[in-house]
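Engineer: Residue numbers (numbering that gives the first Met the number 0), protein chains in the order written: chain A, 0 to 250; chain B, 0 to 329.
Keep in mind the hints are simulated off the structure, nothing from the lab.
No residue lacks a Cβ here, since even glycine has one placed at the ideal position from N, Cα and C.
One or more hints might be untrue.
Claimed, not checked - Simulated restraints on C-beta separations:
# : chain 1 : residue 1 : chain 2 : residue 2 : range
1 : A       : S120      : B       : F253      : 36 to 44 Å
2 : B       : S320      : A       : I87       : 52 to 60 Å
3 : B       : V107      : A       : N39       : 37 to 45 Å
4 : B       : S289      : A       : A70       : 33 to 41 Å
Claimed, not checked - For the chain B half of the interface with chain A, some residues (derived, Cβ under 8 Å), not all of them:
#  : residue
5  : A30
6  : T31
7  : P34
8  : V88
9  : N206
10 : Q294
As the list claims (entries may be wrong) - Stretches of chain A that chain B covers, calculated by requiring three or more beta carbons in the stretch to come under 8 Å of a beta carbon on chain B:
#  : segment
11 : 3 to 16
12 : 101 to 109
13 : 118 to 127
14 : 190 to 199
15 : 206 to 215
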Amino acid sequence: MSEVALAARGLNKKFGSLVVASDINLVLPEGARYALIGPNGAGKTTLINLLTGMLPPDSGEIVLAEQDITAQAPQERVRRGLARTFQINSLFPGLSALEAVTLVVEERRRLSGRFWQNLASHKESIEEAYDILSRLRLGDSCYQPTRELPYGRQRLLEIALALATRPKVLLLDEPAAGVPQDESGEVFEAVAGLSGDLTLLFIEHDMHVVFRFASHIIVLVGGAIFAEGSPADIAAHPGVREVYLGTRQHG
Amino acid sequence: MSVAKPATTDPQIWLNARSRWHRLEICFWLATLLPFLLFPNYLSLASQIAITALFALSLDIILGYGGVVSLGHAAFFGVGAYAAGLYSVHVTGEPLSGLAVGGVLAGVAGYAASFIVSRFRHLTLIMITLGIGLLAHEVANKAHWLTGGSDGLQGVKTLPLFGLFKFDLYGNVAYAYSLGVLFLAFLGVRRIVNSPFGLSLRGIRENLIRMPAVGADSRAHIRTAYTIAATLAGIAGAILAQTTQTVALESISFQRSADVLVMLVLGGAGRLYGGLIGAALFMVARDQFSGIAPQYWYFWIGLLLVTVVMFLPNGILGGLSQLYARWRVK
């Protein structure tokens, strides 16, 4: 269990004079469920962008399952088992949910270059895609174009696309963002239902959700790790209450 | 209005149904045979339409399905035309091997260009493809010793098809040949857009940013699509060279790149039949209007283009399929 799934060492990133990541060290053990919290503009999404290769770091290194992936393109990292979801839906509006997830499965199975075969004959991929959608309770709406799906279902499709890459490490950027609170449970139940050996790092603002699902919490402030520890540690941390929990309660 | 499908639909059956032949498609292909009976005097025009339709179909792969814009697609049409023409002048006038030579050389040119094209989007991409098209045109113009420049390539001879069917003055064989190649190419493209690769191509069109985040190498896909599109464009060019027995500089011009884009947008990009319908409409309109006022016929095309893109953003076919869907719901 103590194997490290994903680690970052000394990550730095600046936009001009604005420091968005400052000497970030991070270790995610296999099967861990970490929450990443912090005020707006703390650099949470930037950290996910750095880890997944959407932004190159100025310095530092990223290690996935003991392999240095710092120089790898995003799609290479995905193929090695590092997937993410987006805070703002980044879906395929004109494709049905079934097509979108099948696309991802085909990419993972390296069958997407086969321009001479009929997609409908790729039974295994289609069934796998349908299975993922069913597990997220999207089975009955998987034939509709994505743009016609209700927002909550689109959020679930965000997760379905990431799951179809069969990740070992999954980074969720506010999976329930914009979902009404009474429905956000559904999104997080889906997250909780993910298999136990999947390593998870999620950004979330709702502290009830964070304390319920996270085994470990990292607090990011101004691009640097301000505190980290078990939910109990963080809840008792005087500084965290002040910079994050405190301001939120007043705001 | 979308109709909710029953929850029991099997996903494989649903996907399969999307690639099945529609009755209207069969009607469409039967209708392409009508010119032999109804318009025997217009078979040369019909042949030109089939060639242009194949050219538009090739653009649809990259533009309609992959979302990769091109203003220089005539470069590959021209490479195919000159390759087939020169092959006829210097090697043999046998048409099928000439067709292969035109397709392969255009495909190689497309593959080379794809390494640049796949790296850019939007305005940059438009300018790059425009530049490639202009470069190709000037090279063909300057290489007078090889291509005949603005005089056109002379001395192209085409031997009988399969050694049996002589290319006649009325265009019977020319149209049969163009139509046959168009149909085979269409079958190929139809398979491609219904393949896993076609799905990924649509993914690139729908959301390029998401593709790397799901493990897809979009650039590799675009390179493949571009090579296939250039090959088909080259085949179209080769048929034009063989059936008209000359290669005009016009076949590699910017005008041709612009025209094919207009046809595809008029007909409806991203629909297999958009380029075919657009090409037929454009060519017939040109034939009719240029009879009335040869200088000004682009006025009418301009008017049609503005009207269509304003009121039918998915082209004429897009509008028709919307009507059809509404009618079926009723």
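Engineer: Could you run down the list of hints and mark each one as holding or not?
Structural biologist: Do the hints match the structure? See the list:
no., hint, result
1, A:S120 / B:F253: 36 to 44 Å, "holds, 42 Å"
2, B:S320 / A:I87: 52 to 60 Å, "violated, 31 Å"
3, B:V107 / A:N39: 37 to 45 Å, "violated, 53 Å"
4, B:S289 / A:A70: 33 to 41 Å, "violated, 58 Å"
5, A30, "violated, 26 Å"
6, T31, "violated, 24 Å"
7, P34, "violated, 31 Å"
8, V88, "violated, 34 Å"
9, N206, "holds, 5 Å"
10, Q294, "violated, 41 Å"
11, 3 to 16, "violated (count 0)"
12, 101 to 109, "holds (count 6)"
13, 118 to 127, "holds (count 7)"
14, 190 to 199, "violated (count 0)"
15, 206 to 215, "violated (count 0)"
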